[in-house]
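Chemist: Generate coordinates for the entire structure from the input sequences, incorporating the hints supplied.
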Amino acid sequence: MIPLAIHGIGPVGAFGASLNEFRAALKGEKKVSPELIKIKTERGFSTLPLFRASTKTLTRFVKNRELRRLDHFSRMALLGACQACEDAGQTLIGERTGLIVASAYGASTTTFSFLDSVIKDGDALASPTLFSNSVHNAAASHIAKHLKITGPNLSLTQGKLSVSMALLTAAQWLAEGRVDTVLCGAVDEYCDVLGYCWQNYLYKKECPDDKNQPAPLENIGLGEGAVFFYLRRVENVRTPYAYLKKIDLDCTISSTLKSCNNEPLICTFMPCQKHSSSNINQIENCFQFDISKLYGTLPIAAAFDLAAAATMLCEQTLYISKPPQKPQTLPFSGAGIGCWQADSTTSRNPLTGSCYWITNHPDL
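The sequence shown begins at 812 in our numbering and counts up one residue at a time.
No lab work stands behind these hints: they were computed from the structure.
As the structure is a computational prediction, the values presented were derived from the model and not from experiment.
Heads up, a few of these hints could be off.
[Unchecked claim] Listed below are the simulated DSBU-like cross-link pairs for lysine-lysine, each with C-alpha atoms no more than 35 Å apart in a straight line:
(1) Lys956 / Lys851
(2) Lys1057 / Lys841
(3) Lys971 / Lys851
(4) Lys841 / Lys874
(5) Lys838 / Lys874
(6) Lys851 / Lys841
(7) Lys956 / Lys867
(8) Lys971 / Lys842
(9) Lys971 / Lys867
(10) Lys842 / Lys867
(11) Lys971 / Lys874
(12) Lys1057 / Lys971
(13) Lys956 / Lys874
(14) Lys931 / Lys956
(15) Lys842 / Lys874
(16) Lys838 / Lys931
(17) Lys874 / Lys931
(18) Lys867 / Lys959
(19) Lys867 / Lys931
(20) Lys849 / Lys874
(21) Lys838 / Lys1057
[To be verified] Computed Cβ-Cβ distance ranges for the label pairs, DEER-style:
(22) Thr1128 / Val1048: 22 to 32 Å
(23) Asp932 / Cys1125: 43 to 53 Å
(24) Thr1128 / Ser943: 40 to 50 Å
In this text, a Cβ means the ideal position worked out from N, Cα and C, and glycines have one as well.
Modeler: Put into structure tokens, the structure is as follows:
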């Protein structure tokens, strides 16, 4: 892939809905606390932390009357896209800009609500509003309409590979000259069905040491949010952030550590993987840190890690947070930061994942 120059970032999550709030959360200046939600289990109701995102600031970009028929999923995507364009200083886009929206689960809340309306009222009386927003590319269409993007438009879903596939596609479009810029982002939301499956199947099966006792509550937390990047080819104009140099797929954590040359590595694990003895042995000597306490556990976590890495490279400062320790701010003069995300949801060994390399110069 060709290097991608990051010119704008638009994050939305439990930390807030702006790059300044994201930066403040990274520094530890803003506390990010999940809300506790109730999940029905075989033994009754249990509680689970949820890092819920707010889209209240979307009215800065879109009038209220235009938002009435947009669901939460599309609002998060639209807010992230608008912020990335604003951060890049771009207001008029047009046909030479491509749009890519990646999601692991799509508009799951709307989709299941539409199915409920079909079950309850039948085909003839099912909600048309819910149906229109449950369509796979609904969020992308809302973004393209508002930002007047008339270039290539792609929505893709490939689980935990969604972020990497979106970025590789963006690089291919730019390499082929199809577009001059790409607005590329990822979005996922929480829904009750996801919470139920997490608590009753994945979490119960993989995480607890004692299947009769749940794992400690602070070790987990579902999340939702969106992150968008305004990307361009590497040109004479220097990017204000950093460059995405390459993406390595299906690589083990041990091979990643060997290739990172002692550079910082942002690692994203599932809770059960963090506490696996085999994985701890692999990462204990690495200068790695986890920022998932800012956004929770979700399949598009790599997008948040990329945004954090680009921000830290831009400011030449590392914001280290390893609970229960307090956040630390360290000067950083290195050339790059790696972001590694596990592909699997299990604690299998060896653990494989995707690694994204962010540098402050495209030739490094």
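Chemist: Hints broken by the structure, by number, lowest first?
Modeler: 1 and 16
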